[in-house]
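**Student:** Go ahead and model the full structure; you've got the sequences and the hints to work with.
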Amino acid sequence: MSMAEQPPDLASGKGHKDENFPVASFIIKPRHRAVVMAFYRFARKGDDVADHPTEAADTKLALLERMRATLAGEADADAEALALRRAQGARALGGEHGLDLLEAFRRDVTKTRYADWGELIDYCRYSAMPVGRFVLDVHGEDRALWPANDALCAALQVINHLQDCGKDLAALDRVYVPLDALAAGGCSVADLAAPKASAALRGVIAGLAEQTWDLLSQSRPFAQGIRDARLAYEVAAIQRLAEDLTLKLMRRDPLSERVHHTKLETVGLLALAAKDRLVGRNGAARAA
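Going by the numbering used here, the first residue of the sequence shown is number 1027, and it counts up by one from there.
No lab work stands behind these hints, which were simulated from the structure alone.
Everything numeric in this text was worked out from a predicted model, so none of it was measured.
Even for Gly, the Cβ is constructed at its ideal location relative to N, Cα and C.
Some hints could be false.
[Stated by the list, open to error] Each computed DMTMM-like pair below joins lysine to aspartate or glutamate, with the alpha-carbon atoms no more than 25 Å apart: (1) 1193 - 1269; (2) 1055 - 1236; (3) 1055 - 1163; (4) 1055 - 1106; (5) 1193 - 1100; (6) 1274 - 1236; (7) 1193 - 1163; (8) 1193 - 1279; (9) 1193 - 1254; (10) 1274 - 1142; (11) 1193 - 1168; (12) 1222 - 1167; (13) 1193 - 1077; (14) 1222 - 1194; (15) 1222 - 1199; (16) 1137 - 1126; (17) 1274 - 1217; (18) 1055 - 1194.
[Claimed, not checked] If you anchor each label on the Cβ, the simulated ranges turn out as follows: (19) 1210 - 1053: 34 to 42 Å; (20) 1053 - 1168: 42 to 50 Å; (21) 1255 - 1226: 43 to 51 Å; (22) 1116 - 1142: 36 to 44 Å.
**Tutor:** Quick look at the structure:
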């Protein structure tokens, strides 16, 4: 498909309120929301393209290339990429984070299996870590925070993959559960298609949740290092939500049980995050 051709509309209809974790919420300072939402709309479009269940791979890759060329300033063919490029330009921000995301979407089109944990984390390097890095850059935060950001963002991505492991196989023939973990547990990809996880598969998922907990242990100090108080609270809230979901994945079967938060659970965890921030600030003040 050439840049001049009218591209097909592959939008899923999802918006930022449909995501598992907060996106450009009211917590973020108003002056940052427009550029964060431009990044979200760009990411949402790329994800919709890559995850479309019936469109041909060649068409998907061509659409993603339109997005890349527009974000890189080589064309003005894609509306969402153009809006992001302009929003970034107004804030003197580079385009590397959006370009990294496009690499993840290309992999979603061409790669359906992950051999081991290392391969999965390398995918998260492009699919998840750039999102947090972008938000940090928007807020002018120190890039020394990137390792903690990367651990949290990778954990969020793995949580999502474990929650949706059955749906991803059924809808997209895509498996993010590492193949070596399945084999070590005496399982196969076919087990993910069952209406209920076997005891062996439950063990595999719990083991991957434990590895995710290790990532969350690395990201736990993240919020305390952020200067912007609103962003720090949002990160603390996401950390709390992620930890609770990881504990659920250690105990529940994502093929047959709910592994998402109710509204009441979310409110309770947000309150705990606020307490975490208050305790952290008071502790820092006493130390000073």
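**Student:** Now tell me if each hint is right for this structure.
**Tutor:** Right, here's what the structure says about each hint:
Our distance criterion of 25 Å between C-alpha atoms is met by residue 1193 and residue 1269, whose separation comes to about 22 Å. For the hint linking residue 1055 to residue 1236, the alpha-carbon distance of about 34 Å lies beyond 25 Å, and the restraint is violated. Taking the CA atoms of residue 1055 and residue 1163, the gap is near 14 Å; set against the 25 Å cutoff, the hint holds. Under the criterion of a C-alpha separation no larger than 25 Å, the hint pairing residue 1055 with residue 1106 is consistent with the structure, at around 22 Å.
Our distance criterion of 25 Å between C-alpha atoms is broken by residue 1193 and residue 1100, whose separation comes to about 37 Å. Distance hint between residue 1274 and residue 1236 is fulfilled; the C-alpha atoms sit about 11 Å from each other, no more than 25 Å. As the CA atoms of residue 1193 and residue 1163 are separated by approximately 34 Å, the hinted pair breaks the 25 Å bound. About 13 Å separates the Cα atoms of residue 1193 and residue 1279, which keeps this hinted pair within 25 Å; it holds.
As the CA atoms of residue 1193 and residue 1254 are separated by approximately 37 Å, the hinted pair breaks the 25 Å bound. Proximity of residue 1274 to residue 1142 is assessed by CA-CA distance (about 23 Å); at most 25 Å being required, the pair is judged to hold. The suggested pairing of residue 1193 with residue 1168 is violated, with an alpha-carbon distance near 38 Å, which exceeds 25 Å. At most 25 Å may separate the alpha-carbon atoms for a hinted pair to count; residue 1222 and residue 1167 exceed this at roughly 44 Å.
Straight-line distance between C-alpha atoms of residue 1193 and residue 1077 comes to about 12 Å, which keeps the hinted pair within the 25 Å bound. With a C-alpha separation of about 15 Å, the suggested pair residue 1222 and residue 1194 falls inside the 25 Å cut-off, and the hint holds. Straight-line distance between C-alpha atoms of residue 1222 and residue 1199 comes to about 18 Å, which keeps the hinted pair within the 25 Å bound. Distance restraint check for residue 1137 and residue 1126: the Cα-Cα separation of roughly 16 Å lies within the 25 Å cut-off, and the hinted pair is therefore satisfied.
Restraint check for residue 1274 and residue 1217: satisfied, since their Cα atoms lie roughly 20 Å apart, inside the 25 Å limit. Among the hinted pairs, residue 1055 with residue 1194 is inconsistent with the structure: their alpha-carbon atoms are about 35 Å apart, more than 25 Å. Restraint check, residue 1210 to residue 1053: a C-beta distance of roughly 41 Å satisfies the suggested window 34 to 42 Å. Hint check: residue 1053 to residue 1168, Cβ distance near 20 Å, so the stated range 42 to 50 Å is violated.
For residue 1255 and residue 1226, the hinted distance range of 43 to 51 Å is satisfied, since their beta carbons lie about 46 Å from each other. Between residue 1116 and residue 1142 the beta carbon distance is about 42 Å. The supplied range of 36 to 44 Å therefore holds.
Going through the hint list in order, the structure does not satisfy hints 2, 5, 7, 9, 11, 12, 18 and 20.
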